[in-house]
Amino acid sequence: MLKVNNLHVSVNDKPVLKGLNLEVKAGEVHAIMGPNGSGKSTLSKVIAGHPAYKVTEGTMEYDINFKMTNILEMSPDERAREGIFLAFQYPVEIPGVTNFEFLKASYNALAKQQGFPTMDDEKFATFVKKKLEIVKLNESFLHRAVNSGFSGGEKKKNEIVQMAVMSPRLCFLDETDSGLDIDALKVVADGINRLRSPNNAFVLVTHYQRLLDYVKPDIVHVLSGGRIVKSGGKELALELEKQGYEAYI
Amino acid sequence: MTHDNPALNIDQYKYGFSTDIETDSVGKGLNESVIRTISAKKEEPEWMLEYRLKAFAYWQTLQEPQWADLHFAPINYQDICYYSAPKKRPEQLKSLDELDPELLKTFERLGIPLSEQKRISGVAVDAVFDSVSIATTHKEELSKHGVIFCSISEALKTHPDLVKKYLGSVVPYKDNFFAALNAAVFTDGSFVYIPKGVRCPLDLSTYFRINAQDTGQFERTLIVADDASFVNYLEGCTAPMRDSNQLHAAVVELVTLKDAEIRYSTVQNWYTGDKNGKGGIYNFVTKRGKCIGENSKISWTQIESGSAITWKYPSCILQGNGSQGAFYSVALTHDYMQADTGTKMIHVGKNTKSTIISKGIATQHSRNNYRGLVKIMPGAENARNYSQCDSMLVGHEATANTYPYLEVKNDTAVLEHEATTSRLSEEQLFYLRSRGMTSEESISMLVNGFCKDVFKQLPLEFSVEAVKLIEMKLENSVG
Chain F
1 MLKVNNLHVS VNDKPVLKGL NLEVKAGEVH AIMGPNGSGK STLSKVIAGH PAYKVTEGTM
61 EYDINFKMTN ILEMSPDERA REGIFLAFQY PVEIPGVTNF EFLKASYNAL AKQQGFPTMD
121 DEKFATFVKK KLEIVKLNES FLHRAVNSGF SGGEKKKNEI VQMAVMSPRL CFLDETDSGL
181 DIDALKVVAD GINRLRSPNN AFVLVTHYQR LLDYVKPDIV HVLSGGRIVK SGGKELALEL
241 EKQGYEAYI
Chain C
1001 MTHDNPALNI DQYKYGFSTD IETDSVGKGL NESVIRTISA KKEEPEWMLE YRLKAFAYWQ
1061 TLQEPQWADL HFAPINYQDI CYYSAPKKRP EQLKSLDELD PELLKTFERL GIPLSEQKRI
1121 SGVAVDAVFD SVSIATTHKE ELSKHGVIFC SISEALKTHP DLVKKYLGSV VPYKDNFFAA
1181 LNAAVFTDGS FVYIPKGVRC PLDLSTYFRI NAQDTGQFER TLIVADDASF VNYLEGCTAP
1241 MRDSNQLHAA VVELVTLKDA EIRYSTVQNW YTGDKNGKGG IYNFVTKRGK CIGENSKISW
1301 TQIESGSAIT WKYPSCILQG NGSQGAFYSV ALTHDYMQAD TGTKMIHVGK NTKSTIISKG
1361 IATQHSRNNY RGLVKIMPGA ENARNYSQCD SMLVGHEATA NTYPYLEVKN DTAVLEHEAT
1421 TSRLSEEQLF YLRSRGMTSE ESISMLVNGF CKDVFKQLPL EFSVEAVKLI EMKLENSVG
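Chains F and C, in that order, are what the protein sequence lines are.
Residue 75 in the numbering used here sits at position 75 of the first sequence; the count goes up by one each step and never skips.
Heads up: take any position in the second sequence, counting from 1, add 1000, and you land on the numbering used here.
Watch out, some of these pointers could steer you wrong.
Claimed, not checked - For lysine to any residue, the following SDA-like pairs were computed, each having C-alpha atoms within a straight-line distance of at most 20 Å:
(1) K1456/C with P95/F
(2) K1452/C with A105/F
(3) K1344/C with D1069/C
(4) K1452/C with P95/F
(5) K1456/C with A145/F
(6) K1164/C with D1227/C
(7) K1452/C with L142/F
(8) K129/F with T118/F
(9) K1456/C with F100/F
(10) K155/F with E1427/C
(11) K155/F with S1425/C
(12) K54/F with S1425/C
Don't read these hints as lab results, they were simulated from the structure.
Turn these sequences into a full structure, and let the hints steer you where they fit.
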């Protein structure tokens, strides 16, 4: 579904990713772990197409209509409409725009692109209520401005709601576990598990392994110095937790 | 950010063209004889001339106000032409179709067709070109309802008593520097009178166009709504792109009698000057409404997106018991524009109520200030005010300030004030785009979210235009 080859990325002319390789197949859950500054967030942003991150070398291919397609030239919104989703580490506040309007606009933008019917307010209200249940948020959330005045946990849950509404094929979750207490972590993890299917794939970008107690990864990668330096099964995460990242730097 | 659509490039101010037309003008400079000439050209009654001369004498004793947070080179008032009119005068024409085709073409290009066949239904338009009103549409239909809608010059001839009674009653010439200047040299503008109990069957609209170079526009608008009447009034403005600054110093007076209501909306899109701040309109405007009658209402809704400098505080004097005033404003500044705008709500009567909602968007190097006064007079028992002033900054060079002033002389008053400042960032755009919305849709969503409370006050067709205008301008300044 995703094939990243020899990816080099610079931010403000400073190289951050230096030859990263990654292959993700449908149905898989990957975990990318690494110390601060290893390039984890950069990878997430560049997958979603953030304009400030410049790809200087390498390729990034993604399955569109059963064909591996170069997505480097695609805008963030084109990528989103093709089923690439990024759950933000720091979700952005949008004052004055209600969560309902926002989620509905997002749903309809994808619906148009993917050729299924758009929804009016009434239909969408029914649809989105079910999505809120996944992370146990109540309906009042729909009428609040997007992320404005939300607690850290609420913001992260809201990311999961967006993911549920958009039902993407490739989900990058950038430190979705950070800043969550144990109860919220369980709710979020449960939400992710409910959205898993043989047709989609998840990449959990995380600093700690505790999320992986609840969402079991198939493959764990260690990212260090802008490259994936080791890949393995879930036992690798536990090893990292015990030994720290030192051994890989 | 990349621009996907070159048509949205604001570098091409689409109203920036000028019309080549023969004009009758008085030449540059200001003195008594210029004022006498203007008054004579307009065949005004003697009292009008006297009023102008008094205002001029007073103006000469004044200094330009310095208190606003605006920075500009001194204006040379002797280097401005105070009267410019197309040579073929409309008074001599039997029908609008006889109007100079160049003028008809100009207004058509601005989206305001005037000729009988093409004019917009549902809206009566008074078209003001430089110093004169050149046409007013739908007059017959309005007159059936007793509504008077004509240029102020015409009203001085046909309804001198009404004009004399109300002109200067809300904004006296002693009010301020620019009001005094306007009273001395005003050339044209619209006059509206809605008789008792009449709900004006059409929206009324005045379209102001500055064309001639080095010419100031000093329009005067007076709207009187008699007992239990209602009118929706819309104002639009554009000007050609010129390197030099042009002065626009208007006065607008609104009067509502018992149970009457005036809703006054403006989309101001004067030329802003170029990328480096060269040229553009200096917009120094005094707009004020007086709710004389009990339970009468005045609302000002403005979309300020043009002018190099905006100095404008549409205000309400809430004199009648139970009267209500409102001010809804979106002010967008970009490049080197400066806006100092807001309102004054003066509560005089009992149980009076005012609402202020101001949204400032400042991008690039611009300055965008809200300045507002809420004044509760001793006799204003149970006055209520709600103010909300929000600023949105785009980029890191722009500045936005809020200056709310309160003067409360009655303890029963309840005032609420809220203010926020936020930043529209690349991160917000990226966030929305990563959820599938295009760059245009994202900006539109952000702007609509921010300005929603103001946009919904505009008449529908105006609102669509205003939203598009703001989006287009913002699209070009975000990145």
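Evaluation of the provided hints:
no.: 1; hint: K1456/C with P95/F; in the structure: 17 Å, holds
no.: 2; hint: K1452/C with A105/F; in the structure: 16 Å, holds
no.: 3; hint: K1344/C with D1069/C; in the structure: 17 Å, holds
no.: 4; hint: K1452/C with P95/F; in the structure: 11 Å, holds
no.: 5; hint: K1456/C with A145/F; in the structure: 18 Å, holds
no.: 6; hint: K1164/C with D1227/C; in the structure: 19 Å, holds
no.: 7; hint: K1452/C with L142/F; in the structure: 17 Å, holds
no.: 8; hint: K129/F with T118/F; in the structure: 17 Å, holds
no.: 9; hint: K1456/C with F100/F; in the structure: 19 Å, holds
no.: 10; hint: K155/F with E1427/C; in the structure: 16 Å, holds
no.: 11; hint: K155/F with S1425/C; in the structure: 18 Å, holds
no.: 12; hint: K54/F with S1425/C; in the structure: 19 Å, holds
When the structure is compared with the earlier hints, no violation turns up for any of them.
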